[in-house]
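2 protein chains.
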Amino acid sequence: MGMLPNISSPPIVAATGSLRSNGTVLTLPLVAHEEIYGFGLQFFSVGQRGLKRFIRVNADPRVDTAESHAPVPFYVSSRGYGVLVDTARYATFFCGESRPKPTQPIEPQASGTAPLYTKFLGAEEDTSILVNIPGAPGVDVYLFAGPSMLDVVRRYNLFSGGGVMPPDWGLGFWYRAASNSSDKEILAIADEFRERNIPCDVIGLEPGWQTHAYSCTFAWNTDRFPAAGKFVEEMKSRQYRINLWEHAYIHPSSPLFLPMRDLAGDRGVWGGLVPDFQDPAARRVFGEYHGKNLIDLGISGFKLDECDNSDYTGGWSFAEVSQFPSGIDGERMHNLFGLRYQATLWQQFQQRSLPTYSLVRSSGALASPYPFVLYSDLYDHRQFVRALVNSGFSGLLWCPEVRDAKSEEDLIRRLQTVVFSPLAMINGWYIPNPPWKQLDRKKNNANDLMQDWHPLEARCREIIGWRMQLVPYLRAAFARYATDGTPPFRALVLDWPATPELAKTDDAWMVGDRMLVAPLFAAEASRKLTLPPGQWHDFWTGEALTGGTTLEIAASTRNIPVFVLAGSVVPLARIANSVADPTSRDLDVRVFGDGHLPFHMTTPDGEALELSWSAITRSGSVAQSHNSPYKVGKWSTDSN
Amino acid sequence: MGMLPNISSPPIVAATGSLRSNGTVLTLPLVAHEEIYGFGLQFFSVGQRGLKRFIRVNADPRVDTAESHAPVPFYVSSRGYGVLVDTARYATFFCGESRPKPTQPIEPQASGTAPLYTKFLGAEEDTSILVNIPGAPGVDVYLFAGPSMLDVVRRYNLFSGGGVMPPDWGLGFWYRAASNSSDKEILAIADEFRERNIPCDVIGLEPGWQTHAYSCTFAWNTDRFPAAGKFVEEMKSRQYRINLWEHAYIHPSSPLFLPMRDLAGDRGVWGGLVPDFQDPAARRVFGEYHGKNLIDLGISGFKLDECDNSDYTGGWSFAEVSQFPSGIDGERMHNLFGLRYQATLWQQFQQRSLPTYSLVRSSGALASPYPFVLYSDLYDHRQFVRALVNSGFSGLLWCPEVRDAKSEEDLIRRLQTVVFSPLAMINGWYIPNPPWKQLDRKKNNANDLMQDWHPLEARCREIIGWRMQLVPYLRAAFARYATDGTPPFRALVLDWPATPELAKTDDAWMVGDRMLVAPLFAAEASRKLTLPPGQWHDFWTGEALTGGTTLEIAASTRNIPVFVLAGSVVPLARIANSVADPTSRDLDVRVFGDGHLPFHMTTPDGEALELSWSAITRSGSVAQSHNSPYKVGKWSTDSN
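First to last, the sequence lines map onto chains A and B. So the first sequence is numbered by the working numbering: it starts at 103 and just counts up by one. So the second sequence is numbered by the working numbering: it starts at 103 and just counts up by one.
Everything labelled a hint here was simulated from the structure, so no lab data went into it. Any given hint could turn out to be false.
Any copy, or any two copies together, can satisfy a pair, since identical chains are not distinguished.
Stated by the list, open to error - When the alpha-carbon atoms are kept at most 25 Å apart in a straight line, the in silico SDA-like pairs for lysine to any residue are as follows:
1. K203 to V133
2. K203 to A383
3. K508 to P557
4. K203 to G429
5. K508 to R164
6. K203 to P361
Because the structure is a prediction, the values reported are computed rather than measured.
The following block holds chain A by itself, in its conformation from the complex:
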């Protein structure tokens, strides 16, 4: 992609700010027909004009207030600029729904036939965005230039430090085992996956690995894991990485309790300390414990739970009135806690020159370099997808994790979605058997499996196999994220800003530069999709399609609708049980249409691979650096 274009000045003028006794108020322009995107991980709407956005970390968003696991005080305008308001306070953005008072009378009418609720939020008027930041004695505002919206997002991500480049194992398949599993039970499921050819790279341990959780000790439960180091080695020898669940609240029986006691807030959570992650000393003490005791043992990542202010659940988080030794209060700490928690653990991996790819329940502004993917289990499939579409506006990654499924179809549909997401995971924390053996939670726990679960397992195996095939393609998408800030998963409007029909598409997204995913939802017989302008191919059949029209896609029980740009060269890895298997570097290449879009990829080690197709000779060519681990096998075209 190279450099972003130089532009003279963004089309934003006349921003004003005023200080009030109670905080800071900003006024930013919003012109007729301008649309607004962003504000982090949003579950309810894609276009944000006309809405009031409340930037408050909240684990339980149920209404479209913008509260979320990862709200971000950053928006992108369809006019090609972005605005970041640099505050950790609970700020409110009034995106054009608040108008000045009228000043001129209108001639009275004796009668009126105007309908009730005449549209008053239409985008046809110039108005403004108001930003209310109570408690802030002034604020810094960052303006990001375009000229395109995608350029704005790229500049924001580059300003943040560039996008994360995950290790290959992070892009493989993940499974989280039942919470109270022992080492033997984990090894048994690991072996079963290998025997039954269920690809898997990462297995997650849930709270039961610790002596106490809610709050946490961060200490191995020796009943379940009598020799943790040996267990990690045994898993490693089977090509599994281990991810450990935790939250940040420190139980009084934890070895971290005394070292952290004076580095914590004045309020507790779940009977534990709340680390003052704003203080570098707290990050160091908390982080070094993890480094020496867990990362040095071979742990590859963490799942940082409950850092997302679940305070309406009843005592699951700290009060806004909390005070921290660093001088920060609970309100600001809420909007920073997830970010600083990530930084705490990431630093330990960085110091060891180890990659990680981890999970976190909360994030915020400027997070694109953080090797953490957001997750939560509280949504329906459509909300998961809408959040995935929105995540790309604000430098976030989101895992629409598979956990509850209402039916076999729902399980299949969710799994189809998650393999086209930043992190492909099934979370079985409350079931001892994989969900394809028994969807019903109670029966699963009673080991009362479905009569014949093999067909469902086979379907899941196939879908997980797709993920393994996609790893090189995803790697290339992430490589661009790291290099030029292009989000690997993003809304269609970022690529086709001039197509009004795509302005609010909330049920389809781009993966990389040439793949469009439009999932089906359980119980749908068909779905509509406005295919963006241009020439396309059905990813599965190769069928050519012309964009710019709305398709009615009949639900196939087999596949998720995926389309690739005509001309695309797409490598597909041979399916292996793990990315550690060299077979996973054996690539077959699919060529769609005339193949004029070569595929380029760089590995984290700097090894390059380029796959090109000549429409004239109808043959492919491979250019790769000397040490490239990839072998290229069969080339196929849709006319083969």
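With chain A fixed as given, assemble chain B onto it according to the hints.
Just chain B, lined up with the frame of chain A:
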């Protein structure tokens, strides 16, 4: 009831406050097993210990955050005291769910078998209530003594000015007609009700009476009402009162626009002005217009809509950053707007020595004397009932209005509930025919009535008749509200604070001093009810029941479960089509058990009536003032 008991001091000690750069923080004690009630109109929980309460007016409460049409910064403790924090800021009360950080380590355990999520909010520990009031440079705190919780509530209501005493017509039946009805259509429905013996005292006109609504002109639409004064007179001659819908936002074509232009906030709503109701001049100008143009025309009350900060609906309210000439900001205005709007119109009735009984979408602290009943249509039947139970803790009245009904059964159940509430109303604003003729909204609008609607009409007529019978009993309950502050509708725990099983009852309430209502909900075959200690009678059958046990009440399609205390003397008015009909003052008296609880009532004119029963002579006696309008007819006992 007489005077409230003298007490030396309430059992609350060691409240502390601290000023911070960002506001005020209070710490109030909360001891083991202490329960907390109140915080205004709450839809999701009765006991509030362990919850975080956010005192913000919000028209769309969907989660148990305490946001509501009428949140109140006041709570009542089971230990017999109450606390009012006098602020209009968005305050947060942490009711025991936030604990101080732990300070002492616990001996590490090699293994742990503690379940996840071990209960950490148990009421078995002493803790505290934290109150966070960002933006407040200090705050006044009022402490209300008991000794009982009911005494606390009484003192709070008396401090507020005593409870409202509605006119009899307010306690009759209300019907709101379709929004765009003309005078002829309103008169037609009024005549139909009289002809078909559907009792009704108040008919409400919805937005279509104005030339423009959303925002409002407050001016008669002369197409629909060519002679408004004559129309009001004609309705009056049929014994109907008129209630007018409006909201406060002033359209530029309103006669109020120019007079109010400089008495309004800097932001508009629905293209209209937002009156600065905090300014007495604004209240006077806005109020006098209503007085001269509407009240003097014969209008008996108003329905004050959209004053409850429906800002997440998209532009339905004013931004918190709004500034008002009185010096108040939008945040505080939100928590005061409903109260000051009520005061504005109430003042006009007071100046004319006219009673009113009106409707409002928002209220707040110290509101018990206001002749306004809260309403909204956004709830299911259980939520309506829970709000009714909670309203009595904080000096509020709540109308669980009947509008949408899923089925005939649901309509019946909701109607049964509403006739035992502060205001018995069917809201037909979007249907031209009463719902008993056609439940389906579309068909109702097409005048496509149900095949045979007469049986459903008959059932509704009967239930509305109950309301007319209850008017004298309700009047007595309100008379106590006015005199000693006892809420006429209230939670069982206020009368039986020592019965743990009733501590969180959210589906039954007391009406007056001797009647308990336990509604059924659609599709229930039966319901459970813990009947409070003491001797009771079934209101309908007279059957004697012993309290202190949990009943399983089979659903009767005919009645709503109602129980009266043994010994109760209960007057029932003869059913008339309106309280203006003298027949409505003809009382029959029911005596339950030994009749040792005489019935006492005072009218607004100071006329007194006392009905006593002698178990020895098995006869009733009537003591009444000379001008008492009541005639007492038949006495009956359950053994008659």
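Against the structure, the hints:
1. In this homomeric assembly, K203 and V133 come within 25 Å of each other (Cα to Cα) only inside a single copy, at 18 Å, whereas the closest approach across copies is 49 Å.
2. In the homo-oligomer, the alpha carbons of K203 and A383 lie at most 25 Å apart only across protomers (19 Å), although the nearest pairing inside one protomer, at 51 Å, exceeds that limit.
3. In the homo-oligomer, the alpha carbons of K508 and P557 lie at most 25 Å apart inside one protomer (18 Å), although the nearest pairing across protomers, at 42 Å, exceeds that limit.
4. When the C-alpha separation of K203 and G429 is checked against a cutoff of 25 Å, the pair qualifies only between copies, where the shortest distance is 16 Å, while the shortest distance within a copy is 40 Å.
5. Taking identical chains as interchangeable, the C-alpha atoms of K508 and R164 lie at most 25 Å apart whether they share a chain (20 Å) or sit on different chains (24 Å).
6. For the identical chains of this complex, K203 and P361 are inter-copy neighbours only, at 14 Å across copies versus 57 Å inside a copy, given an alpha-carbon limit of 25 Å.
Consistency note: the structure conflicts with none of the earlier hints.
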